[in-house]
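Just need the whole structure built from these sequences, with the hints factored in.
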Amino acid sequence: MTQGLDQIFVTFQHWAVAHSPAAVQPAVSIVLPVAGILILFPSLFAITTVLERKGLARIQNRYGPNRVGPYGWLQPVADAVKSLTKEDIVPRTADKLVHFLAPVLLVTVVFLEYAVIPVGRNMVLADMNSGVLFFFAAGAATEMSVFMAGWSSRNKYSLLGAMRAVAQMISYEAPLILSSIAVVMAAGSLSTVTIVEKQAGYSGFWPHWYVLTPWGLAGFVLFAIAMTAESNRSPFDLPEGESEIIAGYFTEYSGFKFALFFLGEYLEMFAVSGMAVTLFLGGWAAPFSFLTWIPSWIWFLGKVMTLIAVFIWVRGTLPRLRMDQLMNFAWKFMLPMTLMVIFSAGLWKFLPSGVLRWLICAAPIALLYVVLGRVLQSERRIEKRVYRYAE
Amino acid sequence: MTAPFVILAVVTIGGAVAAMTLRKLVHCALALAVCFVGLAGLYLDLNAQFVGLVQVLVYVGAVVILIVFAILLTRHDELPAQTNRTRVAGLGVSAVVFALLAWAVTAGGAQMGAAVAAPEAAMKDIGGALMQKYVLPLEVVGLLLTAALIGAVVIAMEEKKKAR
Amino acid sequence: MTPLNGCLLVSALLFSIGLGGALTRRSAILVLVGIELMLNAANLNFIAFWRYGPHPEALTGVLFVTFSIAIAAAEAAVGLALIQAVYRHAKTTDVNQLDTMKG
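Residue numbers (our numbering), protein chains in the order written: chain A, 1 to 391; chain B, 1001 to 1164; chain C, 2001 to 2103.
No wet-lab data here; the hints were simulated from the structure.
Please note that the accuracy of each hint is not assured.
What the hints assert, rightly or not - List of simulated lysine-lysine pairs, DSS-like, C-alpha gap at most 30 Å:
1. A:198 to A:86
2. B:1024 to A:198
3. A:198 to A:96
4. B:1024 to C:2091
5. B:1133 to A:349
6. A:54 to A:86
7. B:1024 to A:156
8. B:1124 to A:349
9. A:82 to A:96
10. C:2102 to C:2091
11. C:2091 to A:156
12. A:198 to B:1133
13. A:96 to B:1024
14. A:156 to A:82
15. A:82 to A:54
16. A:384 to A:332
17. A:96 to A:86
18. A:156 to A:96
19. C:2102 to B:1124
20. A:349 to A:332
Unchecked claim - Chain C side only, calculated, beta carbon under 8 Å to chain B, not exhaustive:
21. 2017
22. 2025
23. 2101
Said to hold, decoys possible - Here are the simulated distance ranges between beta carbons:
24. B:1093 to A:188: 45 to 55 Å
25. A:294 to B:1027: 46 to 56 Å
26. A:347 to B:1137: 49 to 59 Å
From the three backbone atoms N, C-alpha and C, an ideal C-beta is built for every residue, glycine too.
See the structure below:
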């Protein structure tokens, strides 16, 4: 019965394809998963907006939105109505075509990223031989839309925000891709389906997730930090910080286009979280072998929502990083750490399993962390604190 | 001449023409991005998945952004067009080159190029070839990229003021 | 018009557009854009011949293009750094005005 529930969407797709006329069968078999993605992730977006506002509010010791609907849970409906009916103001000297295309491009490319994420057992839209590479190629194309938005607004602050955002996104793309290479090396394939299947085994009741290895843990932390920076979320949201640069590259967007940018940003966050879950947290596999009766797609969604909750928590807690601190962090700290993670993953493959393997693989990473910490902080001169008392 | 090929070829050529003829430099850069995406589509159509995805990742994601940053940092928007003589000479040379290449392509005959089955370019084979047969070019390219990185940073760096 | 000839014609057209642009535009950055177009045309040529030629399992075309993309990226970086340095000195990127070594 749990097998049936696990494969319920696949069975539905097979049934729909079998019961449609032969001419449209290929179309139906593709349109159904696409429609599923188009329904699932935007609804997740709607839920996340409320979750985020209420979560941040509680962290800041206030209520969030609590007027619309029971305890404020219908807030997304109000937001949707507002963004659809607000006047769409385009600056007079703006570049109209580029100004219009920027949010459209962002949302299109972000939806493309969902094609290679396995949402459940046998539930991936496109089982590509090089799924991970496709995902990162689509991520690289989102930087173009950020730049287009900032430049076409003819606004100094937008342009500045766009340049900062693009510099930040390029800098953090290197640790993002490098930390996923360690996983690709361990799994032996670039296909996301294969990577999840390699993590779906259990030894005893303990799962084979990559996050439970020393290089996987370090890699996951680095991937999560790079992920936060790629989506321009706090503490890396200087390009769009409200108190710094008004709204950065989407200052001149209002109404529906702003809603599209918002949607694109959140969807990208979900997509990259989905990739983090696929690469490190075992995808749709259950954490313990006695829990495999819960369907795989529920595990996947649960893990993604947990990551989102951690993001919201981090956003409410940590202060914003300055631009030069951000870039230093990416190039001087994260890049060497990811290279060491790749080295450690290589060691892991060739040592016999056991506690010794754990220690030998964790040692280079810990050593480099301590060394980098000492070297990078030695430039800071912290003087002895001098107190001035009121007389 | 299947429909995807024709559409992608039109997108690519259109983007290239736009990149070379538009007045504003940023529009040229964006048209170049469209051209590169069209080329990536052509590579995917020719069953070279790895190359197509690397094209998007490197060219659209890095080279176009480099060009855009250079445009923004050198702060000039529209330049007057070349003098007529230079323009005619340049276009004439490129037309002659195209005529020559087109003649070479079509006069070669159709011995090769009949539609054959698509070759499999599995990732494992590409990785194996890179690590076994082509390991020396791989290391040399790594060295070259390091040299280019350091060189570009040094060239573009502000010179330290030597005045006392 | 075999598929291979179609690809080769597209590549030839792309090459000549890049050449024409590199020869006629006045901005140094656009000359670089033309050069990038020419490199891409050559890459397309390689992939077309890999696809339709003999011995595609040797993967020669694919690997050549991979290295070519890497080298083109390095060349674009260095070229743009040079343009940046020239701009800082001569305050212009107009190739017609960068003629101090002429004559």
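Original post:
Tell me, which hint numbers fail for this structure?
Top reply: 1, 2, 3, 19, 23, 26
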